[in-house]
Amino acid sequence: MLYDLRRADARIKWLVTCLLATFGLSYIFGALMVSLYAGFTPARVAATYAGPEMSMPMPPETTMVVNRPMSMADFAKPEVHTVDTNLLIQDTHVHVPMYGVIAAALGVVVLGLSLRRAWAFGLITLLFAAPWLDFGGMWLTKFASPRFAILTLAGGWAMGVGYLVVTALAVYQMWRSPKGAEP
Amino acid sequence: MSWLIRAAAVAALLHITPAVVLVKRPDAVQALLPGADTYFAREVHLSDTDAHRLHEAVDWSPEDGVLAFYTGKTGSTTVGALEFVRVDTPHGPLEVAVGFTSEGRIRGVIVTKATVEMKPWVLEAVAGGLTERYRDLKPGDTPAGALALAGRAGNLAVYIAGEVDKGVARALAAYGAFYNHVRT
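Chains as they are written, first to last, in my numbering: chain W, 1453 to 1635; chain F, 42 to 225.
A few of these clues could be false.
[Claimed, not checked] Simulated coverage check for chain F against chain W, where a stretch passes if three residues somewhere in it have a Cβ under 8 Å from a Cβ of chain W:
id: 1; region: 58–66
id: 2; region: 76–86
id: 3; region: 104–114
[What the hints assert, rightly or not] Here are the computed distance ranges between Cβ atoms for each label pair:
id: 4; chain 1: F; residue 1: D100; chain 2: W; residue 2: W1609; range: 50 to 58 Å
id: 5; chain 1: F; residue 1: T118; chain 2: W; residue 2: A1525; range: 20 to 28 Å
id: 6; chain 1: F; residue 1: A98; chain 2: W; residue 2: P1512; range: 18 to 26 Å
id: 7; chain 1: F; residue 1: G76; chain 2: W; residue 2: T1474; range: 26 to 34 Å
It is worth saying that the hints were derived from the structure and are not from the lab. A virtual CB, placed ideally from N, CA and C, is assigned to each residue, including glycine.
Could you build the full structure based on these sequences and the hints that come with them?
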């Protein structure tokens, strides 16, 4: 063990607790945002990321026009939020570094937990695998098959599970276990 | 540890905030096609050649290679046409509605969507008269809203005006080349 959160100074325990609480808050709103813009089912995730690009016909040989009548109600129809390739490039560029930093911060907490090495390796791998699955799923959904939406869902759940496991263990070991409770 | 904090701060700053609707599409349609009582969608499916031509002109390709124009009529009289153009910025997507008169000049421009982060910049730019700058422009003209706001509004409002300029330029190029010049 590189350091032991159970025996750490109370200020470090407090810092870790605040960090975990802050991540928890952002994860709650992250989940709300996913429910608003993508959803929690493979079909909704596929509609968001695969979008019409998956079924887009080849461009016509010559430009052609289709006219159809519209009603005001058609303008008011809720739009399915879609993420096209340009936006996905941008999302990947800004989100993946952030997820890496969060996984690293949670990984540092894991290093201070009293765990078997194999469990620690597993947890750290889970923390970093989650964003890879998340964004890998998005790209594969867009360019390979909508079925890969399941990977994005798995990534999202893995992120949540990783956070909850690390938080539960850290809070218990820092504040509840006999060694952690020592002054 | 400081690199970690700096990296987190940079990542947080770059995080794209959720989209917000500034003006609902039906409201934009009514404002930009005043008096119209019937509407028609005119979807122009671009060939590779035409898509390339448009891309060369304004560094933009419409989603799925389809330009959507909406025409409004009162009885048999055409009121004008309307386009919704999306601009992807480093801060998230922006949507601009550009309405044309039946003579082919810009009747009005409305920013219909932005992100939570960009909303105050858009509101400041619009309050500074940004959208008035586009009135009467015709295909071939260059929108210069950002230039007009420079020095009279905050840097971020001027920045967002530049992004709105891009949307208007795309609408002008698309309208000029493809609204009336493709046979159905």
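Status of the hints after comparison with the structure:
{"no.": "1", "hint": "58–66", "verdict": "holds (count 4)"}
{"no.": "2", "hint": "76–86", "verdict": "holds (count 8)"}
{"no.": "3", "hint": "104–114", "verdict": "holds (count 4)"}
{"no.": "4", "hint": "D100/F with W1609/W: 50 to 58 Å", "verdict": "39 Å, violated"}
{"no.": "5", "hint": "T118/F with A1525/W: 20 to 28 Å", "verdict": "23 Å, holds"}
{"no.": "6", "hint": "A98/F with P1512/W: 18 to 26 Å", "verdict": "20 Å, holds"}
{"no.": "7", "hint": "G76/F with T1474/W: 26 to 34 Å", "verdict": "53 Å, violated"}
Of the numbered hints given earlier, the model fails hints 4, 7; all others are met.
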